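*Asks:* Whole structure, please, built from the sequences with the hints as guidance.
Residues per chain, in single letters:
Number of protein chains: 4
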Amino acid sequence: MDAINAVFSTTYEIDQKCGTEYHQRFKEWLKHVQENDLCVQGAMTDVKGDRGLSPSKQADPDMFVHVVERRSDGIVVRGAKASQTGTANSHEMLIMPTLRMREGDEDYAVTCAVPTDAKGVHLIYGRQSCDKRKLEAGDIDVGNYGFGGQETLTVLEDVFVAWERVFMCGECDSSIMLVERFAAYHRQSYGGCKPGIGDVLIGATASMADYSGVSKAAHVREKIGEMIHLAETIHACGLACSYAGSKTMAGNYQCDVLLANVCKHNVTRFPYELCRLAEDIAGGLLVTLPSEADFRHPVIGKYIEKYLQGVADVSAEERIRMLTLVHSMTFGTTAPSYRTESMHGAGSPQAQKIMIERQTDMNYKKKLARSLAGIDEREDVTA
Amino acid sequence: MDAINAVFSTTYEIDQKCGTEYHQRFKEWLKHVQENDLCVQGAMTDVKGDRGLSPSKQADPDMFVHVVERRSDGIVVRGAKASQTGTANSHEMLIMPTLRMREGDEDYAVTCAVPTDAKGVHLIYGRQSCDKRKLEAGDIDVGNYGFGGQETLTVLEDVFVAWERVFMCGECDSSIMLVERFAAYHRQSYGGCKPGIGDVLIGATASMADYSGVSKAAHVREKIGEMIHLAETIHACGLACSYAGSKTMAGNYQCDVLLANVCKHNVTRFPYELCRLAEDIAGGLLVTLPSEADFRHPVIGKYIEKYLQGVADVSAEERIRMLTLVHSMTFGTTAPSYRTESMHGAGSPQAQKIMIERQTDMNYKKKLARSLAGIDEREDVTA
Amino acid sequence: MDAINAVFSTTYEIDQKCGTEYHQRFKEWLKHVQENDLCVQGAMTDVKGDRGLSPSKQADPDMFVHVVERRSDGIVVRGAKASQTGTANSHEMLIMPTLRMREGDEDYAVTCAVPTDAKGVHLIYGRQSCDKRKLEAGDIDVGNYGFGGQETLTVLEDVFVAWERVFMCGECDSSIMLVERFAAYHRQSYGGCKPGIGDVLIGATASMADYSGVSKAAHVREKIGEMIHLAETIHACGLACSYAGSKTMAGNYQCDVLLANVCKHNVTRFPYELCRLAEDIAGGLLVTLPSEADFRHPVIGKYIEKYLQGVADVSAEERIRMLTLVHSMTFGTTAPSYRTESMHGAGSPQAQKIMIERQTDMNYKKKLARSLAGIDEREDVTA
Amino acid sequence: MDAINAVFSTTYEIDQKCGTEYHQRFKEWLKHVQENDLCVQGAMTDVKGDRGLSPSKQADPDMFVHVVERRSDGIVVRGAKASQTGTANSHEMLIMPTLRMREGDEDYAVTCAVPTDAKGVHLIYGRQSCDKRKLEAGDIDVGNYGFGGQETLTVLEDVFVAWERVFMCGECDSSIMLVERFAAYHRQSYGGCKPGIGDVLIGATASMADYSGVSKAAHVREKIGEMIHLAETIHACGLACSYAGSKTMAGNYQCDVLLANVCKHNVTRFPYELCRLAEDIAGGLLVTLPSEADFRHPVIGKYIEKYLQGVADVSAEERIRMLTLVHSMTFGTTAPSYRTESMHGAGSPQAQKIMIERQTDMNYKKKLARSLAGIDEREDVTA
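Chains as they are written, first to last, in my numbering: chain S, 1 to 383; chain F, 1 to 383; chain B, 1 to 383; chain Y, 1 to 383.
Incorrect hints may have been included.
[Stated by the list, open to error] As a list, the in silico BS3-like pairs of lysine-lysine whose alpha-carbon atoms are at most 27 Å apart:
| no. | chain 1 | residue 1 | chain 2 | residue 2 |
| --- | --- | --- | --- | --- |
| 1 | Y | Lys247 | Y | Lys119 |
| 2 | B | Lys216 | F | Lys216 |
| 3 | F | Lys302 | Y | Lys119 |
| 4 | Y | Lys48 | S | Lys367 |
| 5 | S | Lys367 | S | Lys57 |
| 6 | Y | Lys216 | F | Lys57 |
| 7 | S | Lys119 | B | Lys306 |
| 8 | B | Lys223 | S | Lys132 |
| 9 | S | Lys353 | F | Lys223 |
| 10 | S | Lys48 | B | Lys367 |
| 11 | Y | Lys134 | B | Lys367 |
| 12 | F | Lys27 | F | Lys17 |
| 13 | Y | Lys223 | F | Lys353 |
| 14 | Y | Lys57 | F | Lys216 |
| 15 | Y | Lys48 | F | Lys302 |
| 16 | B | Lys353 | S | Lys132 |
| 17 | B | Lys247 | B | Lys353 |
| 18 | B | Lys27 | S | Lys48 |
| 19 | Y | Lys353 | B | Lys216 |
| 20 | S | Lys48 | B | Lys223 |
| 21 | S | Lys57 | B | Lys306 |
| 22 | F | Lys216 | Y | Lys353 |
| 23 | S | Lys223 | B | Lys353 |
| 24 | S | Lys367 | F | Lys223 |
| 25 | Y | Lys223 | B | Lys306 |
| 26 | S | Lys367 | F | Lys216 |
| 27 | F | Lys57 | Y | Lys302 |
| 28 | F | Lys134 | Y | Lys134 |
| 29 | S | Lys48 | Y | Lys367 |
| 30 | F | Lys216 | S | Lys353 |
| 31 | Y | Lys306 | B | Lys367 |
| 32 | S | Lys223 | F | Lys367 |
| 33 | B | Lys134 | Y | Lys367 |
| 34 | F | Lys223 | Y | Lys48 |
Note that these hints are calculated values from the structure, not bench results. Remember, it's a predicted structure, so these values are computed and weren't measured experimentally.
*Replies:* Encoded structure:
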């Protein structure tokens with residue numbers, strides 16, 4: 001939804017400015033998506049090559065997705081999008097530029113919709129931490145058996161896109177508007193997503209404390225309380241940037257950009273501390289646990305059953321299952337979505353720092369200080 | 001307003017439960033306040049004595065404000081409220097109990113309104129950091145010449161309070177409801193107050209960087225960006241607990257208690273880091289600055305003028321004024337309201353930790369974890 | 001060496017106090033170890049069951065290793081040691097009690113040497129994050145192909161130990177001395193080990209920055225500088241507790257216990273921040289990288305080669321290899337030894353907090369404060 | 001001693017390189033200092049003007065101390081040193097350059113000894129937080145009655161310095177060596193100084209907890225334990241950089257430069273957290289305490305005596321004295337030496353970051369990573 005909302009409002013404003021008709025095209029495509037209940041994946045992150053160089057200055061011109069041919073019926077695009085989550089289970093990709101384009105980068109200012117199975121699209125499936133556990137017999141060691149995700153390196157090898165699927169093509173000036181809006185929506189979304197994952201980790205950690213008989217220890221309560229505090233701080237930021245949103249010219253709603261960036265910036269920090277505290281309370285067994293195969297083994301299993309029991313009433317299996325869940329979230333198959341995605345998804349920490357600086361009215365703050373310091377005339381003060 | 005709102009909704013619920021008529025009395029008093037445009041100070045914090053003992057178990061029974069006599073026309077109260085902000089400029093005090101009262105503490109469960117100049121009320125004015133600067137000639141060294149506050153140790157020496165000004169008297173069970181609601185409102189309020197003070201400090205810090213010619217240095221931008229990020233995180237928490245508020249039985253609105261506590265708990269941390277960063281950028285002169293008297297001195301003044309100049313166009317005086325503003329906020333007359341009040345106002349950090357723990361639905365979190373770990377049946381997953 | 005040093009000095013002092021002859025026995029065994037160049041594994045951590053109960057009060061008496069039979073030629077021990085690093089590549093285990101034993105726990109106060117292949121010893125090999133990558137073809141995806149470790153759940157099923165291998169048996173009072181000394185040595189050792197691992201992670205992170213062309217960006221330099229600062233702080237603590245060591249009664253040297261605990265306590269925090277910063281700079285590819293199999297694939301490989309190139313002169317393979325090294329240290333096979341072992345090895349954080357509190361001369365600190373506050377007579381001040 | 005040591009070794013090496021005879025001169029002056037038991041103040045920090053410009057490029061050439069005349073018998077210097085601690089109680093100042101001098105800055109590369117009462121020296125006494133309390137009757141409110149310090153803006157108005165007191169004059173290349181060595185010694189010294197102050201604050205905080213009856217509360221113990229941990233971490237860094245020192249060419253000893261910078265960098269952070277925790281436990285009274293004058297007042301005093309009592313056996317006066325000590329260290333007369341001096345003394349945080357980066361052998365760290373990643377040949381690994 002973040003990509004769709006961002007393209008929706010940006011196309012409207014490009015049309016207002018440039019006399020194009022991207023917005024109408026986009027609405028037609030969106031109707032198609034809605035009527036057919038399609039899953040759309042927003043595809044922004046280019047592979048980027050040398051980050052010190054702009055798209056058109058790279059040694060290899062394909063380091064950012066770009067238009068390689070303009071035809072009467074459409075365009076041909078080439079390049080690759082990295083670290084794309086959910087591509088393999090989506091019907092459509094909404095391709096967007098990844099940064100501010102400047103003069104000379106016109107071919108790189110391109111937004112368009114491409115079916116994931118279009119000719120020339122190659123999805124190279126990424127590895128995940130502990131991925132092979134998904135292929136094992138049993139349902140314990142993988143940690144979270146029911147759910148997961150995947151990411152791809154998405155290669156666009158001279159893919160043809162009909163004009164009715166093109167929503168920006170050469171409008172360098174507007175690429176940053178799209179990037180910032182998409183980023184804000186995406187950063188807002190982490191204010192809901194990451195506290196939710198945090199809740200699971202908090203529940204698992206509290207359960208581990210129960211199993212070891214330490215849930216009443218003051219330091220354990222303090223640490224779990226801290227986990228809640230951090231998760232809820234993110235949650236509060238998510239709520240705040242949503243509540244403070246405003247209507248765009250196109251009629252949809254945009255979250256507050258400053259607060260959305262503040263939200264995401266906390267997301268680049270707090271989940272790591274939650275993981276650290278979870279590891280603290282879960283104990284060293286987290287990373288030395290015997291395998292499910294050994295646990296099911298007729299001879300070895302009984303030792304595990306006996307020695308990994310905790311407080312009365314809790315079976316070793318229950319404890320082991322909870323440990324593998326924590327493991328999956330801190331090291332294993334779902335750890336990237338709570339750690340690395342919290343760091344880099346919707347933009348790396350420095351991207352938020354830049355936006356926070358840009359969105360702040362520093363002159364107003366300086367004026368307040370100057371007035372109180374008696375440099376400017378003091379307002380609201382009678383002699 | 002926090003005290004008034006909390007007493008408003010609590011008296012309503014006490015009446016519902018106990019058949020008392022506190023709410024109507026309180027509304028009458030509130031009309032009086034509004035019609036006469038009176039300033040009301042919420043007075044909660046008792047002096048507490050030995051914190052390991054409940055109010056009625058203290059060696060000296062006056063360590064918490066309590067009823068020492070019940071008369072036909074009213075009650076007589078004794079005790080003292082500590083660290084009371086704004087008493088000397090208020091017309092009325094709204095006295096409230098400071099913690100959960102239990103059986104045996106009935107005399108301590110008392111809420112009532114007392115004029116600040118009532119017979120038996122003694123206001124002992126507290127010292128403030130650098131308070132004597134307010135008495136000096138000149139307007140620079142005090143840092144913030146136009147504004148300030150004061151706190152008192154408020155002694156109630158057998159003060160008579162007519163029944164129509166009594167809004168709780170002996171309802172031990174309800175004291176904690178009042179405490180928690182007042183605390184929540186107060187903790188919410190810091191989500192607006194402290195980011196506002198932060199804005200001033202950020203503006204002053206950025207100005208100091210300008211004056212020294214370092215405002216473009218990457219590490220300076222990073223630090224000021226961090227200050228903004230922290231102040232806005234508090235702001236977001238303040239907005240979130242407000243937006244997520246709900247209507248009480250009495251008809252006024254109560255902020256979300258969990259998020260208000262999360263808000264305040266961040267307030268016990270971030271302003272200290274903002275002060276630290278401000279001191280970093282302001283430089284060592286912050287604490288070694290010559291006096292205004294020397295600056296105005298016909299001989300010495302010229303050395304100060306010459307040697308404390310910064311970049312071109314900025315006078316030494318401007319720089320000095322900004323430094324004294326930062327000093328007042330980190331060390332001087334207004335530092336307590338940004339640092340210590342952030343720590344202890346509306347309850348010390350541990351008070352929020354306890355509320356956060358209490359307000360969390362931990363069973364729900366554990367249930368999520370158990371389901372994903374495959375201990376409980378996995379919901380929403382088909383085989 | 002930590003276990004050997006701790007048992008060396010403790011046995012000497014037990015003998016002095018109790019008239020036993022453990023120290024001589026231990027020296028004989030140590031000669032055997034040295035003459036045969038044996039690898040010894042210190043085995044302390046019991047499985048513990050319900051942590052709210054002492055060893056002898058557990059529902060199952062085997063939750064801590066204990067003596068189940070005393071014979072003329074030796075003792076028989078039963079129990080299990082959890083999360084034992086390096087057992088499978090060691091010749092001998094030096095079994096030690098894991099906490100302070102009290103009256104009634106005499107059977108649990110046992111120190112002895114057991115060959116890892118003794119009758120009744122069962123080593124249950126633990127899983128490691130991404131362990132299956134070690135079995136794959138190729139040498140890239142595992143991240144660190146040349147090195148690794150393993151941990152076991154070590155079960156002692158009625159293992160006979162001859163008296164000449166028993167170095168404590170029933171001396172409850174002395175168990176805590178052994179635990180604290182071993183812990184101090186072990187906590188000291190992390191002051192060398194973890195900064196060393198940190199150096200590798202710093203080097204890998206800096207390389208990743210080089211490959212992306214961002215090594216001169218101010219925020220990248222700031223973050224890598226922070227990584228160095230944190231790693232060197234641990235290093236400094238390691239040096240300090242070593243330098244400040246002192247000779248034991250037995251003649252070997254014991255590190256400073258307070259500083260060793262301070263060292264380890266920093267180890268429970270800083271490596272996590274180093275990992276977080278490494279993930280920041282490595283980028284999202286860290287967790288979405290295609291497999292080595294795809295990279296070697298005749299068709300797919302060329303896309304990966306093309307699109308994962310960074311700055312000129314750096315091949316995609318070099319970049320991929322460095323990324324998998326970072327992955328192995330933050331998520332994969334070597335992550336537990338940098339993260340979880342930093343947390344729990346040599347005792348969990350709370351264990352250090354307790355020791356820090358116990359080792360501090362708080363009365364001296366209070367006396368300083370009382371003197372300066374003018375409560376006690378002011379020393380060193382003439383009127 | 002830091003200044004003396006730094007000039008001692010630097011003059012030796014300048015002489016070796018340039019054929020000058022500064023070292024012998026310096027030794028003569030040092031003998032004079034020692035024989036007469038003189039107190040010497042190291043004077044480095046220039047007022048700096050616009051920090052974006054080098055000394056010789058400033059609009060006003062006097063923003064850094066420089067030679068304005070070279071005579072046969074000596075030199076004449078002009079400029080000012082800011083934030084100079086202890087000048088008023090010292091006999092001599094050892095003037096040093098404050099940063100790396102480059103071509104064109106020759107006049108600014110000057111080291112020399114100047115008596116504090118030499119003709120042309122003007123000491124402008126700086127204000128201190130709560131300085132007027134030193135002038136009040138009584139000994140409580142100032143917080144630390146027996147000890148204190150002072151700082152000056154030291155103006156050098158065309159001060160003549162005989163050649164035998166000049167230890168560097170024009171050797172731009174060597175100024176940075178002197179700066180870095182002095183800085184390292186000074187940064188090392190904080191590894192002893194600041195933990196010592198920390199001990200007082202910890203003792204005072206623990207006393208406050210005693211007085212309120214909360215010293216056994218888990219969160220209070222946790223916070224005081226944290227204070228100890230942080231103070232001892234600084235202490236450990238101080239010990240480590242001292243132990244790891246090495247002999248200079250001149251024969252004295254230089255601390256380890258990397259570790260000394262790591263030490264100081266922690267000093268820019270941890271004392272602030274110690275202050276924050278002290279404020280937490282001390283309570284809000286810290287900043288609202290009545291005055292000693294009121295406490296001694298025949299009528300008001302009895303209320304203060306009664307209501308500020310804590311646990312049995314502790315008088316209100318004892319509690320008040322301890323609170324004013326904490327206040328003096330966090331807000332008052334001694335706060336700058338624990339907070340701001342920790343930040344800026346011996347160089348601001350960024351100065352250490354730069355030195356840490358410079359002192360690190362990053363190529364070695366990269367080599368380790370390359371070897372383990374299999375980019376370079378793997379060392380120490382047999383196939």
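*Asks:* Now look at each hint and say whether the structure bears it out.
*Replies:* Hints and how they fare:
1. Y:Lys247 x Y:Lys119: 38 Å, violated
2. B:Lys216 x F:Lys216: Status holds; Cα separation ~16 Å.
3. F:Lys302 x Y:Lys119: 18 Å, holds
4. Y:Lys48 x S:Lys367: Holds. Lys48 of chain Y to Lys367 of chain S sits at ~26 Å (cutoff 27 Å).
5. S:Lys367 x S:Lys57: 42 Å, violated
6. Y:Lys216 x F:Lys57: 19 Å, holds
7. S:Lys119 x B:Lys306: The hint holds at about 19 Å.
8. B:Lys223 x S:Lys132: Distance ~33 Å between Lys223 of chain B and Lys132 of chain S Cα, so the pair is violated.
9. S:Lys353 x F:Lys223: Within the cut-off at roughly 10 Å; holds.
10. S:Lys48 x B:Lys367: 62 Å, violated
11. Y:Lys134 x B:Lys367: 23 Å, holds
12. F:Lys27 x F:Lys17: The hint holds at about 18 Å.
13. Y:Lys223 x F:Lys353: 14 Å, holds
14. Y:Lys57 x F:Lys216: Distance ~19 Å between Lys57 of chain Y and Lys216 of chain F Cα, so the pair holds.
15. Y:Lys48 x F:Lys302: It holds: about 17 Å lies between the C-alpha atoms, which stays within 27 Å.
16. B:Lys353 x S:Lys132: This hinted pair is violated, its Cα atoms lying about 39 Å apart.
17. B:Lys247 x B:Lys353: 25 Å, holds
18. B:Lys27 x S:Lys48: 63 Å, violated
19. Y:Lys353 x B:Lys216: 15 Å, holds
20. S:Lys48 x B:Lys223: Distance ~21 Å between Lys48 of chain S and Lys223 of chain B Cα, so the pair holds.
21. S:Lys57 x B:Lys306: Given that 27 Å is the threshold and the Cα spacing comes to 16 Å, the pair holds.
22. F:Lys216 x Y:Lys353: OK: Lys216 of chain F and Lys353 of chain Y at ~18 Å, within 27 Å.
23. S:Lys223 x B:Lys353: Satisfied, since the Cα-Cα distance of roughly 14 Å is no more than 27 Å.
24. S:Lys367 x F:Lys223: Distance of about 20 Å is within 27 Å: holds.
25. Y:Lys223 x B:Lys306: Violated, because 54 Å separates the two Cα atoms, which is more than 27 Å.
26. S:Lys367 x F:Lys216: Roughly 19 Å between the alpha carbons, so the hint for Lys367 of chain S and Lys216 of chain F holds.
27. F:Lys57 x Y:Lys302: 22 Å, holds
28. F:Lys134 x Y:Lys134: 16 Å, holds
29. S:Lys48 x Y:Lys367: Judged against 27 Å, a Cα distance of about 26 Å means the pair holds.
30. F:Lys216 x S:Lys353: 15 Å, holds
31. Y:Lys306 x B:Lys367: 25 Å, holds
32. S:Lys223 x F:Lys367: 20 Å, holds
33. B:Lys134 x Y:Lys367: 23 Å, holds
34. F:Lys223 x Y:Lys48: The hint holds at about 21 Å.
Violated hints for the displayed structure, listed by number in ascending order: 1, 5, 8, 10, 16, 18, 25.
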